[in-house]
Amino acid sequence: MKLQRNGRSKALAIGAVALVSSLSLAACGTDDNTKTAAGGSSSGSAAPAAAIACAKGGQLLGAGSTAQGNAVDVWKAAYGSACSGTTITYGAVGSGAGIQQFNQGKVAFAGSDSALKPAEVDASKAVCTGGQGVNLPMVGGLISVVFNVDGVDKLVLDGPTIAKIFDSQITKWNDPAIAALNPGAKLPDAEIQAIHRSDDSGTTENLTKYLAKAGGGAWAYPAAKTWAGKGGQSANGSAGVSAQVKQVKNSISYVELSFAQTNKLNSAAISTGASKPVEATAANGATTFAKAKIAGTGSDLALTLDYATKDEGAYPIVLVTYEIACDKGNKADSLDLLKSFLTYTISDTGQQAIGQAGYVPLPKELSTKVQAVIPTLA
Amino acid sequence: MSAATTTAPAPLLRRDLTTARLPRWAPAGVAVLAIALGCAIGAGAGLASHIQWGLIAALLFLTISYGLAAKVEGRRQAKDRFATSVVWVAFILAVVPLGALTFYTVQQGIGAINGDFLTHSMKGVVASTTADGGIYHAIIGTLEQVLLATLIAAPIGLLTAVYLVEYGRGRLAKAVTFFVDVMTGVPSIVAGLFIFSIWTMFKQGYSGFSGSLALAILMIPVVVRSAEEMLKLVPNELREASYALGVPKWKTIVRIVIPTAIGGITTGVMLAVARITGETAPVLMLVFGSDVINNNPFSDPQQSLPLYIWQQYTVVNNEYGYDRAWGAALVLIAFVMGLNLVARGIARWRSPKAGH
Amino acid sequence: MTSSPPATSQGRAGRSRRDSRFGDKVFFNFSRGAGILLLVIMAAIAGFLAYRSALALGKNEGNFLTTFEWTPDGVKPVFGIAVLAFGTLVSALIAMLIAVPVAVGIALFISHYAPRRIAQPFAYLVDLLAAVPSIVYGLWGVLFLVPHMDGLTSWLNEYLGWTYIFDQTKNGAPARNLFTVGILLAIMVLPIITAVTREVFRQVPRMHEEAALALGATRWEMIRTAVLPFGRPGIISASMLGLGRALGETIAVAIVLSSNSQLSLHLLDPGGGTFAQNIALKFNESQPFGRDALMASGLVLFVITLLVNGAARMIIARRKEYSGANA
Numbered sequence: 001m002k003l004q005r006n007g008r009s010k011a012l013a014i015g016a017v018a019l020v021s022s023l024s025l026a027a028c029g030t031d032d033n034t035k036t037a038a039g040g041s042s043s044g045s046a047a048p049a050a051a052i053a054c055a056k057g058g059q060l061l062g063a064g065s066t067a068q069g070n071a072v073d074v075w076k077a078a079y080g081s082a083c084s085g086t087t088i089t090y091g092a093v094g095s096g097a098g099i100q101q102f103n104q105g106k107v108a109f110a111g112s113d114s115a116l117k118p119a120e121v122d123a124s125k126a127v128c129t130g131g132q133g134v135n136l137p138m139v140g141g142l143i144s145v146v147f148n149v150d151g152v153d154k155l156v157l158d159g160p161t162i163a164k165i166f167d168s169q170i171t172k173w174n175d176p177a178i179a180a181l182n183p184g185a186k187l188p189d190a191e192i193q194a195i196h197r198s199d200d201s202g203t204t205e206n207l208t209k210y211l212a213k214a215g216g217g218a219w220a221y222p223a224a225k226t227w228a229g230k231g232g233q234s235a236n237g238s239a240g241v242s243a244q245v246k247q248v249k250n251s252i253s254y255v256e257l258s259f260a261q262t263n264k265l266n267s268a269a270i271s272t273g274a275s276k277p278v279e280a281t282a283a284n285g286a287t288t289f290a291k292a293k294i295a296g297t298g299s300d301l302a303l304t305l306d307y308a309t310k311d312e313g314a315y316p317i318v319l320v321t322y323e324i325a326c327d328k329g330n331k332a333d334s335l336d337l338l339k340s341f342l343t344y345t346i347s348d349t350g351q352q353a354i355g356q357a358g359y360v361p362l363p364k365e366l367s368t369k370v371q372a373v374i375p376t377l378a
Numbered sequence: 001m002s003a004a005t006t007t008a009p010a011p012l013l014r015r016d017l018t019t020a021r022l023p024r025w026a027p028a029g030v031a032v033l034a035i036a037l038g039c040a041i042g043a044g045a046g047l048a049s050h051i052q053w054g055l056i057a058a059l060l061f062l063t064i065s066y067g068l069a070a071k072v073e074g075r076r077q078a079k080d081r082f083a084t085s086v087v088w089v090a091f092i093l094a095v096v097p098l099g100a101l102t103f104y105t106v107q108q109g110i111g112a113i114n115g116d117f118l119t120h121s122m123k124g125v126v127a128s129t130t131a132d133g134g135i136y137h138a139i140i141g142t143l144e145q146v147l148l149a150t151l152i153a154a155p156i157g158l159l160t161a162v163y164l165v166e167y168g169r170g171r172l173a174k175a176v177t178f179f180v181d182v183m184t185g186v187p188s189i190v191a192g193l194f195i196f197s198i199w200t201m202f203k204q205g206y207s208g209f210s211g212s213l214a215l216a217i218l219m220i221p222v223v224v225r226s227a228e229e230m231l232k233l234v235p236n237e238l239r240e241a242s243y244a245l246g247v248p249k250w251k252t253i254v255r256i257v258i259p260t261a262i263g264g265i266t267t268g269v270m271l272a273v274a275r276i277t278g279e280t281a282p283v284l285m286l287v288f289g290s291d292v293i294n295n296n297p298f299s300d301p302q303q304s305l306p307l308y309i310w311q312q313y314t315v316v317n318n319e320y321g322y323d324r325a326w327g328a329a330l331v332l333i334a335f336v337m338g339l340n341l342v343a344r345g346i347a348r349w350r351s352p353k354a355g356h
Numbered sequence: 001m002t003s004s005p006p007a008t009s010q011g012r013a014g015r016s017r018r019d020s021r022f023g024d025k026v027f028f029n030f031s032r033g034a035g036i037l038l039l040v041i042m043a044a045i046a047g048f049l050a051y052r053s054a055l056a057l058g059k060n061e062g063n064f065l066t067t068f069e070w071t072p073d074g075v076k077p078v079f080g081i082a083v084l085a086f087g088t089l090v091s092a093l094i095a096m097l098i099a100v101p102v103a104v105g106i107a108l109f110i111s112h113y114a115p116r117r118i119a120q121p122f123a124y125l126v127d128l129l130a131a132v133p134s135i136v137y138g139l140w141g142v143l144f145l146v147p148h149m150d151g152l153t154s155w156l157n158e159y160l161g162w163t164y165i166f167d168q169t170k171n172g173a174p175a176r177n178l179f180t181v182g183i184l185l186a187i188m189v190l191p192i193i194t195a196v197t198r199e200v201f202r203q204v205p206r207m208h209e210e211a212a213l214a215l216g217a218t219r220w221e222m223i224r225t226a227v228l229p230f231g232r233p234g235i236i237s238a239s240m241l242g243l244g245r246a247l248g249e250t251i252a253v254a255i256v257l258s259s260n261s262q263l264s265l266h267l268l269d270p271g272g273g274t275f276a277q278n279i280a281l282k283f284n285e286s287q288p289f290g291r292d293a294l295m296a297s298g299l300v301l302f303v304i305t306l307l308v309n310g311a312a313r314m315i316i317a318r319r320k321e322y323s324g325a326n327a
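Protein chains in written order, with our numbering: chain A, 1 to 378; chain B, 1 to 356; chain C, 1 to 327.
Derived from the structure by calculation, the hints contain no laboratory data. It is possible that some hints are incorrect.
[What the hints assert, rightly or not] Below 20 Å or equal to it, Euclidean Cα-Cα: the simulated SDA-like pairs (lysine to any residue) are:
id : chain 1 : residue 1 : chain 2 : residue 2
1  : C       : 76        : A       : 224
2  : B       : 79        : B       : 31
3  : A       : 172       : C       : 219
4  : A       : 249       : C       : 154
5  : B       : 79        : C       : 154
6  : B       : 79        : C       : 224
Assemble the whole structure, with the sequences as input and the hints as a guide.
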């Protein structure tokens with residue numbers, strides 16, 4: 001009996017120690033990263049506070065596309081440092097999941113790689129009382145065709161060739177079709193390891209849209225988020241794909257520009273029919289966006305991109321991610337914050353800030369249209 | 001006198017009762033020989049992968065020790081030696097990935113861990129451009145969510161196991177057993193989605209608690225099954241002795257059966273905790289992930305360590321992201337290990353001192 | 001004076017009997033309540049899954065059991081589980097074939113072979129493996145294990161290629177195949193099986209072991225006759241717990257496996273898929289209908305788990321005599 005009581009007190013002591021240590025842990029953490037914010041502004045990502053018209057405060061939830069995750073990260077850091085008392089949380093859960101959560105009324109805005117489908121617009125009417133969900137183009141991006149071939153730093157490809165490579169119709173690096181586009185390059189006699197996304201993604205959808213338009217009939221599948229091509233290998237997410245291209249010799253794949261930059265992968269230039277092949281750079285992406293047509297009506301600014309563009313310096317494989325919010329009937333408690341935040345993100349400072357993170361700042365023609373819509377949200 | 005008595009029968013004893021034995025250093029010697037041969041064959045044949053070298057050496061070790069023992073000591077002893085060798089090889093086989101994994105994680109993660117990393121959140125940090133920020137908010141989130149899940153799952157699981165072992169007869173027990181079995185196969189994302197649907201039905205927002213509920217669903221079957229197994233192993237003699245002393249059944253269970261099995265039960269609970277602590281999918285769906293410290297698990301998004309790792313890997317995906325991810329992984333492993341040690345400590349003090 | 005002590009003792013006995021009956025009732029109801037609660041939760045999940053699956057299955061234009069593709073959100077919704085079921089079973093089978101013997105070996109090592117000084121820390125180390133989150137296994141798998149598997153797979157291809165299973169038809173591709181996934185899963189479930197098995201082996205009655213040794217059995221014979229039969233139900237239960245994790249593992253498989261929608265017996269070629277991995281990969285971008293289809297695949301995973309567990313239960317039931325509680 002005595003022994004047992006002894007044991008109990010020891011157990012209690014351990015519990016007490018655990019409790020005390022966790023309490024002391026609770027006391028020592030901090031949200032204060034001001035030292036960090038200062039470091040951030042030196043790298044140009046935090047905007048001057050004067051440029052931001054702050055909302056009163058409160059919490060704003062958004063969810064959706066992983067592709068714009070880092071862009072929102074830049075924005076909310078800058079916005080948060082200028083406007084104390086606000087908390088913006090963005091969950092990079094994927095476009096489809098983001099739209100669903102938006103349509104269930106769980107988040108104030110969704111980020112998506114593709115505009116709302118008619119069924120999704122209908123569903124959004126349940127949460128947007130008296131209105132519906134609208135697409136606001138916010139983050140421009142481009143998809144680089146990345147490769148890892150020994151002795152080859154520069155590579156030129158065109159639509160049909162890319163389509164055939166990813167459909168296993170071209171299987172060797174020294175295939176005549178590739179050699180014809182790259183006179184003078186030392187292409188090895190090696191098998192092409194084509195890598196695609198194993199998960200469904202907007203990146204795949206945008207690439208296959210390009211292949212369907214510009215592939216000259218070599219891409220026999222409809223554009224879709226699910227990969228349909230034959231053969232090759234797959235990897236999960238842009239992060240997984242980038243890691244594979246880095247690791248596997250003679251590989252080729254497609255990722256957003258920011259992933260190509262941070263992983264230091266070589267990007268192919270695209271021969272579009274312009275006088276010279278177009279490099280995968282933010283400036284060349286912006287040229288394409290400048291020519292984009294608006295397909296939506298009213299407040300809805302869904303874009304139609306010209307994947308078959310032959311303009312000088314216009315990179316054809318681009319993607320735009322939208323912020324989706326209600327035109328009328330947004331949640332009252334976060335409406336001010338939503339408008340204030342989106343006003344900042346589409347402002348010139350906001351767009352310039354993400355330009356340094358591997359995104360394409362939207363051209364003036366487009367951003368002014370979005371800027372005009374945001375104050376009308378209600 | 002003693003010399004006279006021992007000298008005569010000793011050789012006799014050795015001849016009659018024990019056969020020739022290999023020297024004590026034989027297993028070690030065989031191991032060295034096998035490794036040397038394995039390396040030689042591997043290098044000689046130009047095999048690139050060191051995994052093969054190891055496998056060849058292991059096979060050689062098994063065959064040589066069996067052969068040698070069969071020759072010198074006879075078949076029964078040879079089998080015994082063989083079994084011993086197999087167990088040792090299993091040990092080595094486990095140590096290699098264990099060592100590789102631990103070493104890899106520590107090597108990748110140790111650099112990121114410092115005071116700032118442990119005590120700061122990610123509020124206001126642009127994750128992809130600086131190495132600043134930390135995991136404090138994620139530690140708090142994981143602590144609270146796991147604690148809540150364990151508080152829900154451990155009692156339910158243990159009581160269910162008690163019911164199945166001590167009371168369970170008839171259709172209800174069969175049904176419970178059946179469903180516990182099915183439950184071990186619930187993919188984590190399905191558990192998450194189930195709670196998500198309920199939460200949406202009641203118009204509730206994101207919170208750490210909803211994540212805990214999904215984690216509890218994943219925990220319960222592991223707790224039930226391991227606890228059930230451990231309770232079954234408690235000898236009936238103990239129960240009968242207790243009844244014979246007039247102790248009521250419930251007191252027998254609480255005071256005799258559970259304490260006897262407490263070590264195994266703790267192991268089961270810790271396995272369950274270890275399993276849920278690393279879950280990403282339901283947490284992403286229900287807890288949502290936040291950059292700021294939220295001490296209240298019952299409202300508003302929180303963060304958790306596995307989700308934090310996942311975000312740093314998939315979204316940030318540069319050297320800063322990788323550093324933070326591995327640092328957080330190391331903290332997560334250390335956290336579960338710490339819990340494990342504490343739980344075992346408590347279990348040891350609470351369990352009756354065993355006779356053996 | 002003389003009569004009072006018996007009276008009080010009688011009273012006390014009566015009270016305690018009443019107490020105990022009351023206590024028994026409360027405790028019984030509590031434990032039964034836990035069981036019922038569990039049943040309700042599980043039935044709710046099963047019903048939820050079945051309902052969502054029914055929505056999807058009604059509109060499927062392919063055969064759910066034999067179709068390879070998974071395109072529920074396509075123009076024509078077509079999806080099937082053939083590839084997923086194959087991949088899940090094969091990878092779990094490889095994992096169990098490797099993990100169960102090794103885990104039993106390690107458990108024996110800890111409980112009966114190792115010197116005490118090694119056994120205790122080593123037991124903690126194995127528990128450490130259980131604490132590693134799946135995503136770390138995944139990253140370690142793709143960054144460390146896969147490159148180290150290349151030699152082994154090409155060797156298997158060279159010498160066992162004639163078995164068809166180990167025939168490698170795609171050259172130069174990294175070993176992100178079902179075989180590697182099986183090995184990774186084996187490493188992941190090893191600590192689970194080991195931990196439970198070890199605890200069971202520790203409970204083997206000392207007297208059984210000593211009786212065997214006293215009869216002149218070698219250590220192995222003692223283990224075969226006393227330890228393993230006693231521990232068999234425990235080993236099977238532990239394996240089922242491990243199998244549950246192997247069947248349902250998501251993130252690690254998603255990171256390591258180069259999945260596609262082809263059913264191939266060439267285990268060393270990249271390809272294939274598993275249920276949980278497929279759910280994780282498709283879920284985020286699915287339309288509501290696609291989600292229902294994924295739920296249907298989750299339901300199949302349920303059924304598979306159930307069948308395997310049922311078989312295991314039957315094996316255990318035949319060996320009931322070893323259970324202490326005779327339950």
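Status of the hints after comparison with the structure:
A distance of roughly 13 Å separates the Cα atoms of residue 76 of chain C and residue 224 of chain A; the hinted pair therefore holds under the 20 Å criterion. Our distance criterion of 20 Å between C-alpha atoms is met by residue 79 of chain B and residue 31 of chain B, whose separation comes to about 17 Å. For the proposed pair residue 172 of chain A and residue 219 of chain C, the alpha carbon gap of about 60 Å is over 20 Å, so the pair is violated. With a C-alpha separation of about 17 Å, the suggested pairing of residue 249 of chain A with residue 154 of chain C holds against the 20 Å cut-off.
Taking the CA atoms of residue 79 of chain B and residue 154 of chain C, the gap is about 34 Å. The hint is violated against a cut of 20 Å. A hinted pair counts as satisfied when its Cα atoms are at most 20 Å apart, and residue 79 of chain B with residue 224 of chain C qualifies at roughly 11 Å.
In this structure, the earlier hints numbered 3, 5 are contradicted, and the remaining ones agree with it.
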